[in-house]
Amino acid sequence: MRWLTFLVVLVLAGGLAVPGIAQQKLKAGFVYVGPIGDYGWTHAHDFARKIAEKKLPWLETIYVEKVPEGQTESFIDKLILQGARVIFTTSFGFMDGTLAAAKRYPNHIFAHASGFKRAPNVATYMADFYQVYYLNGLMAGAATKSGKVGYVGAFPIPEVKRHMGAFALGVRAVNPKATVHVRWIYEWFNPTAAKEATEALIAEGADVFAFTEDTPTVVQVAAKRGLPSFGHYSPMHKFAPKHMISGQLVHWDKIYVDFLSKVYAGKYTAENLANVDYWWLLAEGAAELGGEFGMPVNPEWKARLQAVKVGTPDLGRLSVYDLVMKRLAQMSDPKVTFEPFTGPIKDRKGVLRVQSGKRMTVGELNGMEWAAPGIVGPWPKEP
Amino acid sequence: MLEWILTAIVRALAVSTPLLWASLGEIYAERSGVINLGVEGMMILGALFAFVVAQVTGYPVAGLLAAAAAGGLAALLHAFVSITLRANQYVSGLALTMLGLGLAGVLGRGWEGIPLLNALPEISGLTYLGLLLAVGLWLVLHHTRLGMVIRSTGESPAAAEALGVNVHLVRYLCVVFGGTMAGVAGGFLSVAYRPSWTEGMTAGLGWIAIAITIFAGWDPLKAVGGALFFGALFHLSFRLQAWVPPEALRMMPFAFTILVLAATSGRRRGRGAPEALGLPYAAGER
Amino acid sequence: MKRLGPFSVERVLVPSGAWVLAISLGAIAAALVAAGVIFWAFGINPLRAYAIIFAGTLADRRAAPEILRQAAPLLLAGVGLVLAFRAQFWNIGAEGQLLAGAVASTGVALFSPIPAPWLLPAMFVAGFLGGALWGLLPTLLRLKLEVNEVVSTLMMNYVALFSVEWLIHGPWKGKTAFGFAYTDTFPEAARLALIPGTRVHWPTLVLGIALAGALAFFLGRARLGFEIRVLGENPTAARYAGIDPFRTILLAMAFSAGAAGLAGVGEVAGIHHKLLAPGQVSLGYGYAAIIVAWLARGNPLAAILTALFLGLIFSSGDVMKVSLQMPFRVTDVFNGLILFFLIGSERLLNYRLRWAPGDRAAETADA
Numbered sequence: 020m021r022w023l024t025f026l027v028v029l030v031l032a033g034g035l036a037v038p039g040i041a042q043q044k045l046k047a048g049f050v051y052v053g054p055i056g057d058y059g060w061t062h063a064h065d066f067a068r069k070i071a072e073k074k075l076p077w078l079e080t081i082y083v084e085k086v087p088e089g090q091t092e093s094f095i096d097k098l099i100l101q102g103a104r105v106i107f108t109t110s111f112g113f114m115d116g117t118l119a120a121a122k123r124y125p126n127h128i129f130a131h132a133s134g135f136k137r138a139p140n141v142a143t144y145m146a147d148f149y150q151v152y153y154l155n156g157l158m159a160g161a162a163t164k165s166g167k168v169g170y171v172g173a174f175p176i177p178e179v180k181r182h183m184g185a186f187a188l189g190v191r192a193v194n195p196k197a198t199v200h201v202r203w204i205y206e207w208f209n210p211t212a213a214k215e216a217t218e219a220l221i222a223e224g225a226d227v228f229a230f231t232e233d234t235p236t237v238v239q240v241a242a243k244r245g246l247p248s249f250g251h252y253s254p255m256h257k258f259a260p261k262h263m264i265s266g267q268l269v270h271w272d273k274i275y276v277d278f279l280s281k282v283y284a285g286k287y288t289a290e291n292l293a294n295v296d297y298w299w300l301l302a303e304g305a306a307e308l309g310g311e312f313g314m315p316v317n318p319e320w321k322a323r324l325q326a327v328k329v330g331t332p333d334l335g336r337l338s339v340y341d342l343v344m345k346r347l348a349q350m351s352d353p354k355v356t357f358e359p360f361t362g363p364i365k366d367r368k369g370v371l372r373v374q375s376g377k378r379m380t381v382g383e384l385n386g387m388e389w390a391a392p393g394i395v396g397p398w399p400k401e402p
Numbered sequence: 629m630l631e632w633i634l635t636a637i638v639r640a641l642a643v644s645t646p647l648l649w650a651s652l653g654e655i656y657a658e659r660s661g662v663i664n665l666g667v668e669g670m671m672i673l674g675a676l677f678a679f680v681v682a683q684v685t686g687y688p689v690a691g692l693l694a695a696a697a698a699g700g701l702a703a704l705l706h707a708f709v710s711i712t713l714r715a716n717q718y719v720s721g722l723a724l725t726m727l728g729l730g731l732a733g734v735l736g737r738g739w740e741g742i743p744l745l746n747a748l749p750e751i752s753g754l755t756y757l758g759l760l761l762a763v764g765l766w767l768v769l770h771h772t773r774l775g776m777v778i779r780s781t782g783e784s785p786a787a788a789e790a791l792g793v794n795v796h797l798v799r800y801l802c803v804v805f806g807g808t809m810a811g812v813a814g815g816f817l818s819v820a821y822r823p824s825w826t827e828g829m830t831a832g833l834g835w836i837a838i839a840i841t842i843f844a845g846w847d848p849l850k851a852v853g854g855a856l857f858f859g860a861l862f863h864l865s866f867r868l869q870a871w872v873p874p875e876a877l878r879m880m881p882f883a884f885t886i887l888v889l890a891a892t893s894g895r896r897r898g899r900g901a902p903e904a905l906g907l908p909y910a911a912g913e914r
Numbered sequence: 002m003k004r005l006g007p008f009s010v011e012r013v014l015v016p017s018g019a020w021v022l023a024i025s026l027g028a029i030a031a032a033l034v035a036a037g038v039i040f041w042a043f044g045i046n047p048l049r050a051y052a053i054i055f056a057g058t059l060a061d062r063r064a065a066p067e068i069l070r071q072a073a074p075l076l077l078a079g080v081g082l083v084l085a086f087r088a089q090f091w092n093i094g095a096e097g098q099l100l101a102g103a104v105a106s107t108g109v110a111l112f113s114p115i116p117a118p119w120l121l122p123a124m125f126v127a128g129f130l131g132g133a134l135w136g137l138l139p140t141l142l143r144l145k146l147e148v149n150e151v152v153s154t155l156m157m158n159y160v161a162l163f164s165v166e167w168l169i170h171g172p173w174k175g176k177t178a179f180g181f182a183y184t185d186t187f188p189e190a191a192r193l194a195l196i197p198g199t200r201v202h203w204p205t206l207v208l209g210i211a212l213a214g215a216l217a218f219f220l221g222r223a224r225l226g227f228e229i230r231v232l233g234e235n236p237t238a239a240r241y242a243g244i245d246p247f248r249t250i251l252l253a254m255a256f257s258a259g260a261a262g263l264a265g266v267g268e269v270a271g272i273h274h275k276l277l278a279p280g281q282v283s284l285g286y287g288y289a290a291i292i293v294a295w296l297a298r299g300n301p302l303a304a305i306l307t308a309l310f311l312g313l314i315f316s317s318g319d320v321m322k323v324s325l326q327m328p329f330r331v332t333d334v335f336n337g338l339i340l341f342f343l344i345g346s347e348r349l350l351n352y353r354l355r356w357a358p359g360d361r362a363a364e365t366a367d368a
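Chains as they are written, first to last, in my numbering: chain A, 20 to 402; chain B, 629 to 914; chain C, 2 to 368.
The following block holds chain A by itself, in its conformation from the complex:
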């Protein structure tokens, strides 16, 4: 029987050695929709990938940029061939391809950004900042002299409409007569078009700018005319150090670090992701207010924002700067004591869209097609 004891000991030792093997690196593959140099959406994901790699010593990453939707699966194949065990697909259009690939690789872990279909080995995640847009809107309402705020939009889809809506609600909260003028460029990335759209808005009298486009063009154009603006997605402060008031910054790294750590710890496996959905906002730290990390409001603008006073139903009369900071604190609170899309809200046609006292659900936000009051300009598929 001795040999049997010996065998048992051997097997046990082998079993104990397994955690040692688990100390090896985890490889994650990222599938991007745009080029990493676009300075917008894809740039932000790639930036976060690098942060995650720095923070997690056991993490190795690999990426592929500019992946066409029709080739999602084929690129996932390639990443897995390179040894990736976790795959992040970072565009809505990758949804069906991701799920199909997940079926073929049941032991791999997938996470899809901005989608809604999940599976035992497919989680979903999204970092959104309509809340930050609202804060930007408050400041834009205070900064405009002409009462006309310009917005250069990429595509008229719910995500952009939601951001514009929150922005317009913010503008109107400070400046009830102000309007938000919209120009669409029908591209995520086209600096020349973004530039001329901004010029068109300037010619119409707009004097504060926000936008959705993957370059700092709008910021640069506005600054050249001495006009203030809000950055989008990536830190753009350096493109207009005097004129950028604030902006929205994204922290995909918070989600990536959280998710990958849980995978590494064995908490997330290829069997239990069907209900894992990250919808992370200010409170989770996935969004940040500012045009540069760690700088919510450009110091150049602090005094000017403090000079404008505004009345609110819940906080009384206070300066716009204080209002922004209060609202930021409320939305950063884990309990989220303030929410921009709280009823009653009528759309610009006067139709009641959010019942009094109700907050819009995530589903409603993701399908939002209506235009908030104060928005002026074409609005394709307006209900």
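Keep in mind that the hints were calculated from the coordinates and are not lab data.
A portion of the hints provided could be inaccurate.
Stated by the list, open to error - Here are the simulated DSS-like pairs of lysine-lysine, each with C-alpha atoms no more than 30 Å apart in a straight line: (1) Lys368/A / Lys145/C; (2) Lys176/C / Lys122/A; (3) Lys176/C / Lys400/A; (4) Lys850/B / Lys145/C; (5) Lys145/C / Lys377/A; (6) Lys176/C / Lys136/A.
For chain A, the structure is supplied; the task is to place chains B and C on it using the hints.
Just chains B and C, lined up with the frame of chain A:
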């Protein structure tokens, strides 16, 4: 209303600047008998090199010179393939567009997201210089012996050669000149129009410059009108969105190009292309 | 006549097929050597790079079928362009014609009452007509008003692009697309069959091969094929032969643009099952098809090979992006270089090397 029109004119001037430079260069290349569809590729290389050199040296003008050199070198490749090797000019130009966009995208990695601090003003020397150049190039083309030589090379290379003109040399010079102009046009985009570099930032402007060349009937003075017209169209496609559906407006510059070409073409004399445009020429062969 | 070592260099009017192949392969090899400089600049050993590319494309069982998948639209559009180029019509608009075909077939797939077995054939017919119609305007403008077709077909690409944007953001935006710019997805009956275990929609590929074969036969035998050949090679002779350029070019372009339209049908019915952003429907296949057609040197059957080759180039670009972590534009560098070397080497086609070690007389006779 007056202000509305005035701002539109100013914007048209700004947008027309790169279009004018690029199309003036293309006019000379085509007048000598060589069509170069690589304008987009030469422009994007110009944009990249202008930005990099302006950023490194601190002098945007140095950047523009680098852009001219980059555009000229790219055009030299087209010249060699289409003049010396007598390859198909259309295909060579398309290859140049692909190569230019590709090289700029590969080499430009890492230069994105950096602002150019000492940028040139938008309505700057380049705009006025472009207008002056248009007049000068028109004078040269129509009122000097050099212009006559260029035109005859494009109309009838055999006859030009019989008169002692070195057809290949003239074509080489015109094509390379066209490249330097396109390079500067691209440089304008990255050091003045929107002072920063992004992959793919020319976004089809090179093709519009080629359209202007034809629209202008290969005439440098008319190219000014053409460039202003397309500059205005591009600007107005955002200006008019409040009244007209945005998608329709975005396609307007392209649809208008076709309409305008249709309306201004026809078999009228004097508007036509140089007779030998697109045809390779071998000395003594015909 | 010149000498090159023991060879004599002779001019030939019609190069042999083997010589064309040799020169083409030589040009491609030279282009790959030139592209090696790019790898080297990125700090990658070019030989290693090509080994990785080979392992990631032809030698990879999952990736190899992707070559076929990308070759399908390239073949259809490329075969069409072979014909247009032979008629000396510079159709740069295959991209727009492809989109028009995609739009027309989407319309049939989503909004027509055609019953299941006939739905896909109807989509292909609609796609062909859609593409042909899109090519009609530049053709008429060239034939009636002498408008340069290079510019007009190119501009039509942009018009097509924004038309698709308008459709997917406006009237055709799907109810199930959750606000994103897609149409609804096609019913099962409007989806093409796949080769099992792959994502290759084989009916499109078969159609492309059939079309190439038919065109080769037609160019060689049929009266209209003869007319197109004469018109392209010698317009003056065509006039004397009583060939009507209007009718001939119109028909050639209808086929050319229609074939590109079919490529669009394959993309939406075989891959996406919906209409979506134009840059997703076509990955620049309409432009790359110009290389396919040019490489094929007017031979429709050769387009089968050249489309596969371009498919391989596209797939290689994909491998470079992943395995070598290179910028996506590297594919354009490859395409541009290959095209340059191919057309640059064309002059060599008219020469032939003859083994003639002692033949000095030819040299002096020529001088």
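message: Please verify whether Lys368/A and Lys145/C have alpha carbons no more than 30 Å apart.
response: violated, 50 Å
query: Does the alpha-carbon distance linking Lys850/B and Lys145/C stay inside the 30 Å limit?
result: Measuring from Cα to Cα gives roughly 24 Å; hence the hint holds.
query: Taking only the CA atoms, is the gap from Lys145/C to Lys377/A under or equal to 30 Å?
result: violated, 64 Å
- prompt: Are the Cα positions of Lys176/C and Lys122/A separated by 30 Å at most?
  reply: holds, 26 Å
- request: With a cut-off of 30 Å on the C-alpha distance, tell me whether Lys176/C and Lys136/A pass.
  value: holds, 17 Å
- prompt: Given the hinted pair Lys176/C and Lys400/A, is their alpha-carbon gap at most 30 Å?
  reply: It holds: about 11 Å lies between the C-alpha atoms, which stays within 30 Å.
Comparing the model with each earlier hint shows violations of hints 1 and 5; every other hint is respected.
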